[in-house]
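First to last, the sequence lines map onto chains A and B.
Going by our numbering, the first residue of the first sequence is number 23, and it counts up by one from there.
Going by our numbering, the first residue of the second sequence is number 892, and it counts up by one from there.
Be aware that a few hints might be false.
For lysine-lysine, the following BS3-like pairs were computed, each having C-alpha atoms within a straight-line distance of at most 30 Å [unchecked claim]:
#1 A:Lys42 x A:Lys32
#2 A:Lys132 x A:Lys175
#3 A:Lys175 x B:Lys1278
#4 A:Lys42 x A:Lys250
#5 A:Lys132 x A:Lys52
#6 A:Lys250 x A:Lys32
#7 B:Lys1215 x B:Lys1241
#8 B:Lys935 x B:Lys1278
#9 A:Lys250 x A:Lys262
#10 A:Lys163 x B:Lys1137
#11 A:Lys163 x B:Lys1278
#12 A:Lys146 x A:Lys132
#13 A:Lys32 x B:Lys1278
#14 A:Lys163 x A:Lys146
#15 A:Lys42 x A:Lys27
#16 A:Lys132 x B:Lys1278
#17 B:Lys1252 x A:Lys146
#18 A:Lys175 x A:Lys146
If the Cβ cut is set under 8 Å, some of the chain A residues that face chain B in the computed set are [said to hold, decoys possible]:
#19 Val112
#20 Gly116
#21 Ala126
#22 Ala129
#23 Gln182
In case anyone wonders, no lab produced these hints; they're calculated from the structure.
Bear in mind the structure is a predicted one, so any value in this text is a computation, not a measurement.
Built from N, CA and C at the ideal position, the CB exists for glycine as well.
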Amino acid sequence: MLEIKNLHVKLEEEDKVILKGVDLTVEAGKVHAIMGPNGSGKSTLSYVLAGRDGYEVTAGSATLDGEELLEMEPEERAAAGLFLAFQYPVEIPGVGNMTFMRTALNAQRKARGQEEMSAGDFLKLVREKAKALKIDADMMKRPVNVGFSGGEKKRNEILQMAILEPRMCILDETDSGLDVDALKLVSDGVNALRDAGRGFLVITHYQRLLDHIRPDVVHIMANGRIVKTGGPELALEVEKNGYADILAAEEA
Amino acid sequence: MAEALPQDDALAARIAGLSFPSEGWQAPARFDALARLTAMGLPKRRDEYWRYTDPASFTSAEPVPASTLDDGDEGMVFEAIDRLKLVFVDGVFDAAASDPLALENVEIGLLSEAQSDIHWARDLYGVLEARGQVPVKRPFAALNTAFATEGVLIRVTGYVPRPIALIYIHSSDTSDAVLHHCIRVESGADVTILENGPAAARFTKVMEVDVAEGGRFHHIRAQGRDHDRRASTHIFARVAGKGLFKSFTLTANGVMTRNEAVIELVGDEAVAHVAGAAVGDGKFHHDDTVFVTHEGEACESRQVFKKVLKNGATGVFQGKILVKPGAQKTDGYQISQSLLLDEDSVFLAKPELEIYADDVKCSHGSTSGAIDETGLFYLRSRGVPLKAAQSLLVLAFLAEAIQEIENEEIAEDIRQRLENWLARHEH
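If we strip away everything but chain B, and leave its shape as in the complex, we get:
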């Protein structure tokens, strides 16, 4: 790979410690990605999509050391959910802690073990990531495709009766994990993917999701138990006709989290919902950067992002809906809202619409506000104590995002997590 080595010193330093698996079916995609990364370089603060979020901790040669777990935290989320568990410790698959990779209507493999040249994932690995580099550059996603050491390859062929859970465990203070998952949902198939856990001191993750006609993909992710978290994650999705893509993320705690979602609705009547509920106290910077492209006709997309911020926490939302020529009857919705519990917290939002079709319905809104004092007094006048009343109003504020989770058991788990977090971080 000597000839591909970048001239840029910062980039050279950033990737020096990473391994580059240069053989097997992934190799062409990895070389491609490295070339893209070299051409675009690492992001800087002056880049359009990095103005609100400082990429320094993602671009530094070494990760900032991070403690593994805060003893004050509760146990893992989703524990009560019947699921197939795949466990990664500091980015390394832990077979002993995982369930056997077998479940009805699904093939599950590992990136590091999938050697066959005719592997189905060859048509997916790095493909959606590469498509997602235009028009907005996403250097950490290219870096991921080039250097990912592990990931799961999931091909769904029918209805999968239990959720597949990706559980991340962080055990080394200085781990720098790069995971790349590929998920292909075949025509008419249906799967739920759960993700939770701290992963690593620095976590760079890409998930590519290809939903075929009429396929259904549900994704619920919880980021919370790692207070020192520095994570840059991307989801790239392509949804064919009548396909469904739904992704919800709960983010609590963490120093620096950037979650990007890049979704293309390529077939007619496809649906994509992407939602997030984030709660941050103090040293917390959380960024949702979303790009939804409508290409097929009569597609529906929803972006619902809610953030509760206090003690100087910062929330960022950069969301775009692009309606391409011919994507008539598009129904696009985007809402980003923050509840600022004090005057030190900041919410930065950049909603964008770009529409090249004339028969579309697109709405967007962004708000920032404090807790409604009138509502608070009303609740208290009925006997609800101040803190409980505040928590009720905060949960009510987040409700629209949580409603995007279809599975009621999982939604209740998320709701409970938020309630507990609010109790621990009383105003």
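So that you can see chain A by itself, here it is in the shape it has in the complex:
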């Protein structure tokens, strides 16, 4: 489904190369995790896939169901089925969550040639999704992320994901800033969205998120590359020994 080949990326403003040939394939129905030390390029990978400004792709490709993502505008990537859950969800004063999500959903539907959803149907959809995720639907009445706690912000990301029903979800350090209870709530939300047609790429520093969201495949990223790929046991190994052993083995 998501296929990243030999992806090289540098920062636009400075001559700093961040990704140095990333190869990664996420199949439909699978959960892949990327772990790695700070500065390894994990967040850059998520931003580049979502289309954030400030990065220059110098080589390689990233396709979703065969379509080249890197040539699309961010909104086109969303309409194609890509979703990035932000590490730091953005506060947007003055824009209601409900307006935002309805505008987003209808824009995606329009881009896909589907009919727009009425306000009534949308409200029903939101209530249903919120209930399934055990999220208070009142959150949708507030301005986007304004005054939300860290946990509320992350839950809002998951609710957006549930409403937009993307094919490919990228979670960028969704566990950061969460206490144990919030972590469980958010993870339950993600697990509820797992199905055979949907792929996940879960980016995290820590094993603890992967206790809740069980990955099928774990990749270790370091210095702009995937240096090791394995099963869930790889995450446990990192938890126990840190990255040093893996990186040393890689260099050797």
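Chain B: place on chain A using the hints.
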């Protein structure tokens, strides 16, 4: 009036074409105003409150010709609102196009027809304008009091069930309209005044609003369909104890617009909110000059002004809060912000606080910035197309000003206007 004729040639030329109604109960106020105008003269660029705005098109002998309407524009605002309509064409009252001047709990008359010497407006006409000349000179307001040819005189005695709408129509390319409205809101009364429409090639307007104890005055104005607009407007308000004054202005388009608001909170626990949302593209100069005086105790004032500027448009804000000795427990708030959609646009702000009481809360802030790129990316990453995302952020920026409109139906009308404007002026 020969003896009152000014020595100043520019001023003489400016008023040469205007008529001076020298009889009736307004005459003393008009002579007073002319004397004030003569003493202060017309403003010049070097005057403290005209440094950011060139008064030339207001001081010129003849108005700059202005086309009447742009065909690309949408219909009139407030059309769906149930209101009493008073129509002025190039500053002349159009009785045929207006509703009968009758509405529950309100007396409505015309300045040109109010002849009686015991008219209630005698205590108001030019009175608040004269008070508002200190400490800042406002020559065009004095000119207005002296030379106004028409206006409405509204006395509100109770709750008025429908808004009273002043609708201006511009039909001559060279019209130079001078209107002066007086509104007295009696104790406990409540009224909403709407204003919209292009008015004239050059429009000089004064509205004096006297709110008695516990009275409530709501004012929503839309300036937008006249792209060549050159308008200098003043609102002078005096608010007694527990009275409420609320004024919101939407400004879109127009070459040169100066809106002044001079508000005195004279009784305890009086409230005044004055707000504006302005959007300008290209040849657009918009100036909000506001002066709020706190005299009573425990009064609250809010100034909320937001401007969205692009393609070299200019926005000006000069706002002052003066807290007089004894005006304890004052709660004053002032915010002026601009969203600059490109690097050619300019926002000039001069916030001022002058406080002579020790137990007050006054806050003010002024900012200028571009659209938040992080927010933009966040919206787009969810599938909102670039232009729609920009419009969402622009409307969000203006929201705090629009929130000052209490009537939700009217607020929605204003919001829709802004959305349509943004769609027509996509970035």
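Do the hints match the structure? See the list:
1. A:Lys42 x A:Lys32: Given that 30 Å is the threshold and the Cα spacing comes to 9 Å, the pair holds.
2. A:Lys132 x A:Lys175: Between Lys132 (chain A) and Lys175 (chain A) the Cα gap is close to 27 Å, so the pair holds against 30 Å.
3. A:Lys175 x B:Lys1278: Since the Cα atoms of Lys175 (chain A) and Lys1278 (chain B) sit roughly 25 Å apart, the hinted pair holds (cutoff 30 Å).
4. A:Lys42 x A:Lys250: holds, 15 Å
5. A:Lys132 x A:Lys52: Distance of about 28 Å is within 30 Å: holds.
6. A:Lys250 x A:Lys32: holds, 22 Å
7. B:Lys1215 x B:Lys1241: holds, 20 Å
8. B:Lys935 x B:Lys1278: violated, 41 Å
9. A:Lys250 x A:Lys262: At roughly 16 Å apart (the allowed maximum being 30 Å), Lys262 (chain A) and Lys250 (chain A) satisfy the hint.
10. A:Lys163 x B:Lys1137: Cα-Cα ~27 Å, so holds.
11. A:Lys163 x B:Lys1278: Measuring from Cα to Cα gives roughly 24 Å; hence the hint holds.
12. A:Lys146 x A:Lys132: Answer holds: Lys146 (chain A) to Lys132 (chain A) is near 20 Å, not above 30 Å.
13. A:Lys32 x B:Lys1278: Holds, at roughly 28 Å.
14. A:Lys163 x A:Lys146: holds, 14 Å
15. A:Lys42 x A:Lys27: Distance ~11 Å between Lys42 (chain A) and Lys27 (chain A) Cα, so the pair holds.
16. A:Lys132 x B:Lys1278: holds, 15 Å
17. B:Lys1252 x A:Lys146: violated, 45 Å
18. A:Lys175 x A:Lys146: holds, 22 Å
19. Val112: Check passed: Cβ of Val112 (chain A) comes within 4 Å of chain B, closer than 8 Å.
20. Gly116: holds, 3 Å
21. Ala126: holds, 4 Å
22. Ala129: holds, 5 Å
23. Gln182: This hint holds: Gln182 (chain A) lies near chain B, its Cβ roughly 6 Å from the closest one there, short of 8 Å.
The structure fails to meet hints 8 and 17 from the earlier list, while all remaining hints are met.
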